[in-house]
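There are 2 protein chains.
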Amino acid sequence: MTRAYNFSAGPATLPETVLRQAQAEMLDWNGVGASIVELSHRGAEFMGVAAQAEADLRKLLSVPDDYAVLFLAGGATTQQALLALNFAAPGQVVDYIVTGHWGKTAIKQVKPYVDVHVAADGEPGGFHDIPSRAGWTLSPGAAYVHITANETIHGVEFRDTPDVGDVPLFADFSSSIASEPLDVSKYGLIYAGAQKNLGPVGISVLLVRRELLERAGQPRADIFNYASHAARDSMLNTPPTWNWYLLGLVVKWMLDEGGVEEFARRNAAKAELVYGAIDGSGGFYRNQVVPAVRSRMNIPFFLPDEALTSRFVSESKAAGLLALKGHKAVGGLRASLYNAVPVAGAQALVDFMRDFQQRNG
Amino acid sequence: MTRAYNFSAGPATLPETVLRQAQAEMLDWNGVGASIVELSHRGAEFMGVAAQAEADLRKLLSVPDDYAVLFLAGGATTQQALLALNFAAPGQVVDYIVTGHWGKTAIKQVKPYVDVHVAADGEPGGFHDIPSRAGWTLSPGAAYVHITANETIHGVEFRDTPDVGDVPLFADFSSSIASEPLDVSKYGLIYAGAQKNLGPVGISVLLVRRELLERAGQPRADIFNYASHAARDSMLNTPPTWNWYLLGLVVKWMLDEGGVEEFARRNAAKAELVYGAIDGSGGFYRNQVVPAVRSRMNIPFFLPDEALTSRFVSESKAAGLLALKGHKAVGGLRASLYNAVPVAGAQALVDFMRDFQQRNG
Chain A
1 MTRAYNFSAG PATLPETVLR QAQAEMLDWN GVGASIVELS HRGAEFMGVA AQAEADLRKL
61 LSVPDDYAVL FLAGGATTQQ ALLALNFAAP GQVVDYIVTG HWGKTAIKQV KPYVDVHVAA
121 DGEPGGFHDI PSRAGWTLSP GAAYVHITAN ETIHGVEFRD TPDVGDVPLF ADFSSSIASE
181 PLDVSKYGLI YAGAQKNLGP VGISVLLVRR ELLERAGQPR ADIFNYASHA ARDSMLNTPP
241 TWNWYLLGLV VKWMLDEGGV EEFARRNAAK AELVYGAIDG SGGFYRNQVV PAVRSRMNIP
301 FFLPDEALTS RFVSESKAAG LLALKGHKAV GGLRASLYNA VPVAGAQALV DFMRDFQQRN
361 G
Chain B
1 MTRAYNFSAG PATLPETVLR QAQAEMLDWN GVGASIVELS HRGAEFMGVA AQAEADLRKL
61 LSVPDDYAVL FLAGGATTQQ ALLALNFAAP GQVVDYIVTG HWGKTAIKQV KPYVDVHVAA
121 DGEPGGFHDI PSRAGWTLSP GAAYVHITAN ETIHGVEFRD TPDVGDVPLF ADFSSSIASE
181 PLDVSKYGLI YAGAQKNLGP VGISVLLVRR ELLERAGQPR ADIFNYASHA ARDSMLNTPP
241 TWNWYLLGLV VKWMLDEGGV EEFARRNAAK AELVYGAIDG SGGFYRNQVV PAVRSRMNIP
301 FFLPDEALTS RFVSESKAAG LLALKGHKAV GGLRASLYNA VPVAGAQALV DFMRDFQQRN
361 G
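Protein chains in written order, with UniProt numbering: chain A, 1 to 361; chain B, 1 to 361.
Derived from the structure by calculation, the hints contain no laboratory data. Check before you lean on any hint, since a few could be wrong.
Same chains, same label: a pair holds when it works inside one copy or across any pair of copies.
Cut-off 20 Å, straight-line C-alpha distance, at most; resulting in silico cross-link-like pairs (SDA-like, lysine to any residue) [said to hold, decoys possible]: (1) K328 x G283; (2) K111 x N225; (3) K317 x A51; (4) K328 x D160; (5) K328 x R42; (6) K108 x D160; (7) K104 x V330; (8) K59 x G122; (9) K186 x G332; (10) K104 x S228; (11) K186 x V167.
Keep in mind the model is a prediction, meaning the values are calculated, not measured.
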């Protein structure tokens, strides 16, 4: 068995040490005679796993005490809908900054509930840049301002936190959470599907300033009420325990490896390698994103034609470099360089890119 | 490593052969160089796993072709809320038959959206019986009639499908799906959290007559729209892939073992063993449910006092019989006998019960 380097945009590669631990514990967790996935979420064993995962995540991300941390079933899209239900009055205005595909998705989910105002839109510029803060048309009285911290498909990333005044800033950090130090206190709410930087698919994490949970929001089922989830430590109903457990192992691995400062270094090194190979290719490889907002996590890049692109995908796969095909919305190629992709993986990709160019350039 | 007999009400025990396969494939699924949890849900590998799981589930449950099968993130509680949003007009009347704790939960989730009419309520009788069909006060023009096929806490199970006329019957089958043959065509909709009879926690299954998906329902986010999920083969967003994969392994195991007819035999045998031990104990063990509606899946039972109950829980655990403590809502003891609990497990429990009585009776 050989593990390949896996550049999937998500569900994405996991640390091998984490997978080995999950493998070892699959039939018997901690000597209890059952797997963790077979234990009650309300028993002491899983409650311990859950509490440790929260404590470790709080440590990893330096989450202030006045923020609740929720572990929720499903992905970020569900949270996108729940933002409006929990924090905006029916029909209230909400501001969205659109810098790629996922910003548009976020709007689609809230349209039935609120008055969406697009305060800045990168689409006319092909999502190659983030509209400058000075030009944003923020609404007085908005319930929140929403940004997508990193756009997984278009490869555009906020490199600093925009100042939006007194209106709380909400951010989709699905594809860049824990990739570098983050000042949580600048955000009212941060949410992330786990399947990129935090662990397995099937669970999302939400960090929210507790005072925001007092907002009335809109009529909604109790299961859609973040305050109810917070009051019950994310065990309002049966949570996805195995996914939570695996997330906990990944978070612990990140702490053991040196925390977000260390991953910021590795991620910068990986991104520099790949962007360097693109920019140094004399136009054979192309990335159109303005350098100041290029994503460190997801690098879309393009070859001169479709035939070369197909050959790149199949030859790289044969060489043990998985999932380099671009998203169908933009085509081309894409390398995702989340925390669990080692620097050696980025180096292997770059070596392959240079070799491929030599043979085909 | 010794695997204990695990009587957890859910998340519940899984077949050892399934866990062994998941363990073997944890670092490398099918020779692709990555775990299934690390692969894109849109890639050929996972799409194959997902399609096979659906085909096998359709075969296992004899699902008619005019029913959609959805695989959805999270548990049954979320589906309880979505029933109203998808199938009832705002404020429309819906009929609920309450036969235990989970029927009450189902009502809680839809109250913000519809006019809930409790057409029959077992609570005045302590949930020891199911109110007879003749006494149900069904509403003309109801959007649907909702039942809980098996009540996990109160141990009450519908032993046949009630006739509710032309209004579609919706049923929560979380804790009894695939435990015996089922005529899906008698229901408009069946939903089930997977973590009892179908596999791991974190994923739910929904069977729905396709024509019902044409109902307008209520304004809602796209992610809350069953028709959207159906149109995208349950890949409207990133689904919980690992949970789906493990569910597929469990369903295949059930087919390999002989399907629902075989599990109906085993489940009847297990229930007969445990109820036999209770009823033959001369009142030392007690179960108050009317025999005709006793659950084959979850058997709550009681000892003469609290001290004996605590002793039973700790001694049974030490004897390798896990999770026999009753739910806090009713106390006492509970044995859950889902498909993956072997007959030998029920026999071991009964042997322990007789020994315990001899020593303490």
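How the hints compare with the structure:
no.	hint	verdict
1	K328 x G283	neither (22 Å within a copy, 67 Å between copies)
2	K111 x N225	both (18 Å within a copy, 14 Å between copies)
3	K317 x A51	neither (39 Å within a copy, 24 Å between copies)
4	K328 x D160	neither (29 Å within a copy, 48 Å between copies)
5	K328 x R42	between (42 Å within a copy, 10 Å between copies)
6	K108 x D160	neither (26 Å within a copy, 43 Å between copies)
7	K104 x V330	within (15 Å within a copy, 48 Å between copies)
8	K59 x G122	neither (34 Å within a copy, 48 Å between copies)
9	K186 x G332	neither (35 Å within a copy, 49 Å between copies)
10	K104 x S228	between (28 Å within a copy, 17 Å between copies)
11	K186 x V167	within (11 Å within a copy, 52 Å between copies)
Violation of the numbered hints given earlier is confined to hints 1, 3, 4, 6, 8, 9; the remaining hints are satisfied by the structure.
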